[in-house]
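Participant: Starting from the known structure of chain H, fit chain S onto it as the hints suggest.
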Amino acid sequence: MAMLQMQRISIYALKKDRKPVLELLQRRGVLEISDSIAEDQVFQKMDVSQVRSSFERNINVAKEASQILSSYVSEQKSILSSFEGRKIISLDEYSNFNSKLDDTLRIANQIINCNKGIAEGRADILKLEAQIEMLKPWTNLDIPLNFEGTKQTKCFIGTFPKEYSLELLYQELAEYMPLNIDIISASKEQTCVFILVTNSLQEKVYEKLRSLEFSHPSVSVDKAPAEQLEKYSNRVSRIQEEILSLESKIEAFASNREDLLFLQDYERMRSDKYQVLGQISQSNNIFIITGYIPERETKALREELEHKFMLSVEIETPTEEEDIPVLLKNNPFSGAVESVVEGFALPAKGEIDPTAVVSCFYYVLFGIMLADAGYGIIMTVACGYILYKYRRTMEVNTKKFMSMFLYCGISTTFWGIMFGSYFGDVFDVIATTYFGVTNVPIIPPLWFFPVNDPMRMLAFSMILGLIHIITGYLIKVFQLYQQKDYIGIFYDAVSWILLIISCTILLMSLDMIKNILGLTLVIPSSIKMLSGIIAILSALIIILTNGRESRNPFKRFLKGAYALYGITGILSDVLSYSRLLALGLASGIIGNVINKMAAMPAKSFGFVGVIIFIIILLFGHTLNIAINALGAYVHTNRLQYVEFFGKFYSGGGRSFNPFTMKTKYYKVKENVNNG
Amino acid sequence: MDKFGIVFALLGAALAALGAGAGSARGVGLGGEAGSGLVTEDPAKFGKVLILQLLPGTQGIYGLLIAFITLSNIGVLGGSADFGIAKGLLYLAACLPMAIVGYVSAIAQAKASVASMGILAKRPDQFGKSMIFPAMVETYAILALLISMLSINGVAGLSI
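From first to last, the protein sequence lines are chains H and S. What the first sequence shows, in the working numbering, is residues 7 to 681, in sequence order. What the second sequence shows, in the working numbering, is residues 489 to 648, in sequence order.
Just chain H, same shape as in the assembly:
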């Protein structure tokens, strides 16, 4: 239950130290810059937009180049590599990169140019290929396509849109003899012909040809088609060679991939630095940085700054009115669900960080919803393996997420053992199918089978719900206590807790409820009386006080009555925990269905049956674990957000967003060897 105490920090330093100071702050990443000093004649802010846009341009160039590079030379990546996190490089490598900057940028531009050349070459090839396609039917013609004829003759070179034989054409043109017809090529779609007639007849022949739908070829070249074709195909192969050489040129840059990626990070960091530079106030000789810093970091940062530079650091406690950023701090067990809390909202002013309480309930609720020892062990082992394998490089958020599922997996295993579920009832099915065992279950549940006794499970779910909801009210008590709203504790929280508990006792004493839940406990009438009185009293308190912000007594009463109506909300909240039963049964019974389906062919097909059995089991349980883990995740979140947070937490804090190295591929670490 903790949020880090924030301090307001102001650093006054000499302008000549501007760059190293900012770089140090960026590397430490503990300071959120906020500009609180207004511009005046002495202190002014720098315009950095131009510089930043040049960085952004470089980032885009490097990004494009590395994308092109990976489309030609794919990177070897394992499935798990997304857990790996950013690569760690040393401070020296980081500072040495400056000398490589221009080279890398040049390489990036070269890659982009090569790619452009390849694209252009491909377009040219397409164009040439279209022309080759058109020329192909003319291959056998040994004069140019635009041959007009000799002094005495006229030549028609062209196509008919259907197939003609030489004989047929001579028949059609018989009256215009003498003429010469050569069929260059013929297919169903078109017939390419060469027709030579005497000059005197050319118009009549042309008319006749037109009536046969003669048309001139769409390509016109000065060379004989065969020659031209050769020229074209030579050109195509030349372009292809060029493309190959460009491709191999790009591939040769594969060794620069890392530089290209780092260039993006490097320029991103510089761009961020300049953004901060634009935020801080500067005079001719000094500059001022103001911002927020977690209290525990102040001492180290101050010492380091004062040791290295000539400057003055001022630290003060922020006032209540300030918009202080929030940074959660929890132990590893609870901290794993910080992302769940952040997913809702960070605590606002006056609220406590509920992460620790959330985490305990989170693991329990998730475990009951999935409740299968087999699935739990798979989750635990998978998360544990990933956490161990990438323990050095894993990003903080991924780590938290994975450890959350690790704890959820442990809890799932625990509840699976309690409720006797191991991949559904896989042991029983195997034993009865292959070993003829009749005495099932082989592993009896530690507690009970929810399938056989759903009412008991329902009662358990709701009791857990009541505990969860009352815990919510207790946190509200604590919160109101911290805000010193002592009246509120009694009116808004304690009265509700009393009402819930007394109503529960009253309900439990009803025969109907007892029958439904199969309870046998007898509540003494004195306790019944007492809880009846408490219920009425607390209801009265709620009616009389919950509208206390209104002055009009009638309005106040109505508001109070409406607040009491909220008891129905609590009833539905408690009922909502029946999803523990529903989802728990769902994962268990679907597991059973899978086992049953697998066992059906197993008996009849002998050895093949065993293989089918295993395949169905693997496939079915993978699907089941995926769907039900998703369901458990979503509904655990829902129970936390709606039923639990609804009682005390509204959130609205601003997250701490420090000036740091927001890189994508690399993180710079000082003293890599030691850390």
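Simulated from the structure, these hints should not be mistaken for laboratory data. Fair warning: there could be bad hints in the mix.
Below, a list of computed lysine-lysine pairs in the BS3-like style, where the Cα atoms sit at most 30 Å apart [what the hints assert, rightly or not]:
#1 H/K602 / S/K575
#2 H/K69 / S/K610
#3 H/K305 / H/K255
#4 S/K617 / H/K406
#5 H/K314 / H/K21
#6 H/K675 / H/K335
#7 H/K406 / S/K610
#8 H/K168 / H/K194
#9 H/K22 / H/K675
#10 H/K653 / H/K106
#11 H/K405 / S/K575
#12 S/K491 / H/K602
#13 H/K490 / H/K565
#14 S/K617 / H/K668
#15 H/K653 / S/K491
#16 H/K69 / H/K673
#17 H/K406 / S/K536
#18 S/K610 / H/K355
#19 H/K653 / S/K536
#20 H/K106 / H/K355
#21 S/K536 / S/K491
Quick caveat, the model's predicted, so the values are computed rather than measured.
Facilitator: Chain S in isolation, oriented as in the chain H frame:
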């Protein structure tokens, strides 16, 4: 006439699987249509879109669950199927909440899911909240599941 008991009971099981399954199929389909639009713009959101798309898929599973419990209770999956018409009708009635609420809630939830994809597109940091809106709808499917399940268990114990 007495033999019709099992017919009605099986009809109930089939309806539960049908209604809830059909609703989920439509719902997940709706989610897929909207989701693929979002993934075209930003492929990195695939994982989160998939979660939102799958949310209305649970009703189909609940339907399957009810159908399966009914089947195993009435002896279709092995065992004796010996009961009267009244009991058969009771099974049918017990399956109806899941069949109807499953169908309606899956589609309603899918619409909420599709709207939540809008949150994911414009405010990816608010994914936690975007998941809650569809999850609210699911409550009613869960309540129907609960009633159907308790009814079937109850009917199995009745001696009529």
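Participant: So which of those numbered hints doesn't the model satisfy?
Facilitator: 3, 10, 11, 15, 20 and 21
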